[in-house]
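One letter stands for each residue in the lines below.
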Amino acid sequence: MTAFLAILVRDVKLGFRQGGGAGAAIAFILSVLVLLPLALGPDQNLLQRLAPGLMWLSLLLAVLLTADRLFQQDYEDGTLDGLVGIALPLELVCLAKALAHFFTVGLPLAIAAPLLGILVNINAALIPLLMAAMVLGALALSMLAAIGGAVTAGLRRGGLLVALLILPLYVPVLVFGQSVTATEQGRASSLLVLLALALIAVAVQPIASAAALRAYLR
Amino acid sequence: MACERNGRVVFSDISFRLEAGQSAELRGVNGAGKSSLLRVVAGLVPLAGGTLTLNGESEFATQCHYAGHLDGLKPAMTVLENLQFWEDCFDGGDVDAALAAFALRDLRDVAVQILSAGQRRRLALSRLLLSHRTLWLLDEPMTALDAASQEKLYGHMKTHLAQGGMILVATHGDLGFVPHQVIAL
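Listed in order, the protein sequences are those of chains A and B. If you're matching positions, the first sequence starts at 552 in the numbering used here and goes up one per residue. If you're matching positions, the second sequence starts at 321 in the numbering used here and goes up one per residue.
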């Protein structure tokens, strides 16, 4: 347990210290949202209709951007060699690292993104709901990103490959995420499905990531 | 034992036995498989053939400490933070003693980023005293160390052996003491 927390805390610390964590991801979303009205035209009703979907897309892309670095540094600097030899199972090492990614990237974004939605004229009444849905969604996205990050840990330019590998896995999160704010009646069930997706991802990620990392250890 | 990496046979027909309190030196030209052998023993590379046991057990990754070329230190964290992280991972150990062992006390609040190669190596090696593992697997441990630090390392190695530990060390240089056996690759 000490080791689990140590890895989690260290990765959160590094995420904030080295940059490339929450700050950069929020700046990324901000720049996407500033460009969108320019690309789509100034039709306020159109923007309001598209706003939740645009938020989800930018959240997804921001998480994707940071995915390939999740395990790469530890693989390249030898930390992973050391972590294989500790009493904590590699699966839990992977879970700690994925949770750290959620706390540094996913969670700050899920909270900031709906607020930034004001830039695309988001319906203000939807903001709390969207925030709740995005926290659940971001947890699932971070876990899936960790699977992609583990698979490409040893590849120099793994970024594009991560996108190819995990974008298909993001589809369910995107579908149910946008349906939370789409209709009144499907709201509760969509939130529950998002919760289920997040929990499935938390359960599967450690096994998948650890298996991928073990394949690199040879 | 035999070892295969990426379909290439690195070594085969290597056999050795190490008693408690003994050290063995791995000798061989570049690419002979010294590092591979250490990684196999550490459980980082699967064994391609043969058997490998420590005290009769074949799963012993948590009983050895592998110190390789990559040091696993985070440049953005200080010396102390790096050591404390590994202390938590090993679940115990005395950070202060480890710092003192390689004369790192004055550097404790310095970011690893600005350490010299030799200082980084000292920090990496000081983890040996945190982990309390039976078998030390050292890959060229003297690289970048000055004479005084090398002496310190030899001293710690001797103490470890005196306490019943075991050491497998790969080196091209002169080991500060006579190893109990030499394994030629």
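Derived from the structure by calculation, the hints contain no laboratory data. Please note that the accuracy of each hint is not assured.
Unchecked claim - Sample of chain B residues at the chain A side, in silico, Cβ under 10 Å: (1) 365; (2) 366; (3) 369; (4) 382; (5) 384; (6) 389; (7) 414; (8) 416; (9) 420; (10) 472.
Predicted model only: the values in this text are computed from it and were never measured. Idealized CB from N, CA, C, for every residue including glycine.
Checked hints:
1. Hint on residue 365 of chain B holds. Least Cβ distance to chain A is approximately 5 Å, under the 10 Å limit.
2. Given the 10 Å rule on beta carbons, the hint for residue 366 of chain B holds: about 6 Å separates it from the nearest Cβ of chain A.
3. Because the smallest distance between the Cβ of residue 369 of chain B and any Cβ of chain A comes to about 14 Å, over 10 Å, the interface hint for this residue is violated.
4. Interface restraint check: residue 382 of chain B against chain A, minimum CB-CB distance 5 Å, threshold 10 Å, status holds.
5. Because the closest C-beta pair between residue 384 of chain B and chain A is about 7 Å apart, less than 10 Å, the hint holds.
6. With a cut of 10 Å, the hint placing residue 389 of chain B at the interface with chain A holds, because the nearest CB-to-CB distance is about 8 Å.
7. The beta carbon of residue 414 of chain B comes no nearer than 15 Å to any beta carbon in chain A, farther than 10 Å, and the hint placing it at the interface is violated.
8. At a threshold of 10 Å, the smallest CB-CB gap from residue 416 of chain B to chain A is about 18 Å, leaving the interface hint violated.
9. About 22 Å separates the beta-carbon of residue 420 of chain B from the nearest beta-carbon of chain A, more than 10 Å, and the hint is not met.
10. Taken as an interface hint, residue 472 of chain B does not check out: its beta carbon lies about 21 Å from the nearest beta carbon of chain A, beyond 10 Å.
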